[in-house]
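Protein chains in written order, with the working numbering: chain A, 364 to 790; chain B, 364 to 790.
Bear in mind the hints are in silico, worked out from the structure with no lab data behind them.
Careful, some of the hints might be misleading.
The list cannot tell twin chains apart, which means a pair is met if one copy fits it or any two copies do.
Cross-link-like lysine to aspartate or glutamate pairs, in silico, DMTMM-like; alpha carbons within 20 Å at most [unchecked claim]:
1. LYS778 <-> ASP719
2. LYS380 <-> GLU651
3. LYS380 <-> GLU653
4. LYS634 <-> GLU531
5. LYS380 <-> ASP410
6. LYS634 <-> ASP594
7. LYS778 <-> GLU531
8. LYS380 <-> ASP594
9. LYS380 <-> GLU531
10. LYS778 <-> GLU558
2 protein chains.
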Amino acid sequence: MRVGLLGCGAVGGALLKLLHSDAELITARCGLRFEVTRVAVRNLAKDRGVDLAEGVLTHDAAAVATDPDVDVVVELIGGTEPARGLVSAALSAGKPVVTGNKELLANFGRELSDLASAHGVDLLYEAAVGGGIPLLRPLRESLAGERIHRVLGIVNGTTNYILSRMTEEGASYAEALAEAQSLGYAEGDPTADVEGFDAAAKAAILATIAFGSEVMAGDVYREGISAVTADDIEVAGRLGYVVKLLAVAESEGGTAGAAVGVRVHPAMVPKSHPLASVRGSFNAVFIEGEAVGELMLYGRGAGGMPSASAVLGDLIDAAHNLRAGSTSPTPHRPRAVMVPIDELTTQYYLNVDVLDRPGVLAAVAEVFGENRVSIRSMEQAGLGDDARLIFITHTAQESDVQATVTGLHQLGAVKRVGSLLRVVGGE
Amino acid sequence: MRVGLLGCGAVGGALLKLLHSDAELITARCGLRFEVTRVAVRNLAKDRGVDLAEGVLTHDAAAVATDPDVDVVVELIGGTEPARGLVSAALSAGKPVVTGNKELLANFGRELSDLASAHGVDLLYEAAVGGGIPLLRPLRESLAGERIHRVLGIVNGTTNYILSRMTEEGASYAEALAEAQSLGYAEGDPTADVEGFDAAAKAAILATIAFGSEVMAGDVYREGISAVTADDIEVAGRLGYVVKLLAVAESEGGTAGAAVGVRVHPAMVPKSHPLASVRGSFNAVFIEGEAVGELMLYGRGAGGMPSASAVLGDLIDAAHNLRAGSTSPTPHRPRAVMVPIDELTTQYYLNVDVLDRPGVLAAVAEVFGENRVSIRSMEQAGLGDDARLIFITHTAQESDVQATVTGLHQLGAVKRVGSLLRVVGGE
Chain A
364 MRVGLLGCGA VGGALLKLLH SDAELITARC GLRFEVTRVA VRNLAKDRGV
414 DLAEGVLTHD AAAVATDPDV DVVVELIGGT EPARGLVSAA LSAGKPVVTG
464 NKELLANFGR ELSDLASAHG VDLLYEAAVG GGIPLLRPLR ESLAGERIHR
514 VLGIVNGTTN YILSRMTEEG ASYAEALAEA QSLGYAEGDP TADVEGFDAA
564 AKAAILATIA FGSEVMAGDV YREGISAVTA DDIEVAGRLG YVVKLLAVAE
614 SEGGTAGAAV GVRVHPAMVP KSHPLASVRG SFNAVFIEGE AVGELMLYGR
664 GAGGMPSASA VLGDLIDAAH NLRAGSTSPT PHRPRAVMVP IDELTTQYYL
714 NVDVLDRPGV LAAVAEVFGE NRVSIRSMEQ AGLGDDARLI FITHTAQESD
764 VQATVTGLHQ LGAVKRVGSL LRVVGGE
Chain B
364 MRVGLLGCGA VGGALLKLLH SDAELITARC GLRFEVTRVA VRNLAKDRGV
414 DLAEGVLTHD AAAVATDPDV DVVVELIGGT EPARGLVSAA LSAGKPVVTG
464 NKELLANFGR ELSDLASAHG VDLLYEAAVG GGIPLLRPLR ESLAGERIHR
514 VLGIVNGTTN YILSRMTEEG ASYAEALAEA QSLGYAEGDP TADVEGFDAA
564 AKAAILATIA FGSEVMAGDV YREGISAVTA DDIEVAGRLG YVVKLLAVAE
614 SEGGTAGAAV GVRVHPAMVP KSHPLASVRG SFNAVFIEGE AVGELMLYGR
664 GAGGMPSASA VLGDLIDAAH NLRAGSTSPT PHRPRAVMVP IDELTTQYYL
714 NVDVLDRPGV LAAVAEVFGE NRVSIRSMEQ AGLGDDARLI FITHTAQESD
764 VQATVTGLHQ LGAVKRVGSL LRVVGGE
């Protein structure tokens, strides 16, 4: 089975090594022998760590995508262009494609899936979400008949590392980010990770597969972690919660036609929840199904080798299907009907700095009440002449909570409305 | 797609309900429509909770297995006979079979897989291990190219429930067992669960798929939990461990020819290990792979609905393959070369009651030293005129530790050698 590789960075390089070191094992288990016949790279001179025959490396990615000496194409360039054109060309040439490209899938997944279906070949992308964790295949195949109500994911290792350091060492956001950057866990411009763009693309892909209707990156409500303070995390800990950047996908009914809500934001998760113990750069996805109950899939969400492992699993599947003349089932997925964030109902954590004077608490509480937000617990801490009020609400509607925040800003005694965090996995 | 169901207990009944309630969803996602045309049961009069046409229910399981009006057979009778004969008959008649029968697979898996291959049909059994958790498919497909070194599983909910109660409430084994029985989590005769037979069958199936060589139930070294005391659990907790009944499968190299060790026994697991927080009747399997690193798959390991969810996933896969004229990859798996338990190397926990007299500790320590067992930590607790010595060893070989136990029994000052627990996931 001849493989054409587009891009040879950390994941591509690891894949080359795996195909070399595990060749015998793959043949024994699957009856397949892979040969990497073309590799499109930017730098022809760089050592790839394995012997490649003369002429395998090339600058010409477009030629690799449609090369007659390539049976299966692996796209590991990332980003939407030129990946989109290359993947389209490969599929159109009747070649199965394996990719780990979350941006591509979260923006052009339907177009590419339709193209794959039209040409009767596979488009597989396990590595796009959760690195090495078997996630999309179990969702797509093992749970094909399952009515899934909710998927909660820790799908970005950088932010989980930062929040874990803040939790375990009381570090500030800036300190934890700097540490993540010095260790190579965060990029120089960390926006894609810390502002939730990476997690939002993954949330879109998860929701699409879990619910059978197409969710795109732009459909996902998104907040990052840059506003989370050491104080929020300390208070959360005291109240029995940890703060995690969660990708949350919910369906009203779990069927293809049902409206879905998909969002990425920092959330307070009860310490007793299995997701609470997912620390450092690990990823995990927690699934709530009608029949199967609660599932969690946990592992290394990034890194060359774990992601290459996922690519290899897909490659074997694609090659097996190509040989058998079949493809993985590709259901038609209608465009999802999205529930706007305003209609979300969950619990909330909110802190408010007020003047420490008689009557202020009553005025604050009245704003909650006027907006139909019921308070589950409140605590007050002194802050010099001021006081900080910390609220956890009962389940309330997002629009009502936002109206509460607006109302609080209008009170003269309120000096600052601090963090608003959604509580997930509680009531 | 016409389904013949053999057995209609908790899982079969749940499957009937799922096929009914999720019919639309299955058609939308997979383009398949299932009809249950025959159901073999013992009691024709019992209400199955869904409408079945006249003549669907029958006593004649053999007729269902080969009925021309049945495309796929689901075997949920359990046990080795008559299940073995029925599954063989169905496969020989060219019908794919889905089963959740761990005893059958752990004893006759190879014979039945070969039969399935010979007839070009699927034999799928996701529900046999870990109930609803997608486990065998990810191992078989997602990790098809992965060199797996170790699989650690909590695969028996009954014993995990008992040990969790002992840990969380200081209950004795007898109390926790009685509670599990009163809640229906343990059977009247709990032997299969508490003595590790159930876990050993599952360990054999996991090892077979993870390492690509056939391990049978009888190959698995097995100890149950009935000798674990509340005191062991209390001491373990003080030392930073929890006690779990683990299924452990290890391979020297991860390839099909490599020797494998497979064992089921109570083990001390560090509290920081992801398996330590798997509580109550939940199951989880922790996988250590060369490229993928650490993975954990967690969920409901038993129960009608979770298991039916796994059966349904297999049923959809089998039906899809039947329609496409293909089958799931079925590698040839040679008989495994087993590493005897004597050659196991791990850490050990051991307690010894001795006379509290000068020179006794030296004599005890000498027995360890003579047998090449290095002590990592020791603590002594008073017991009236006696003392209890609690040891954690460095990594040592099982045969040396067993020789140490024999040597200790021969010391006059040793009154009792208590529990010997292996420590897993530590050094």
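query: Which numbered conditions among the earlier hints are violated in the structure presented, ordered from lowest to highest?
result: Hint check: 7, 8, 9, 10 fail, others pass.
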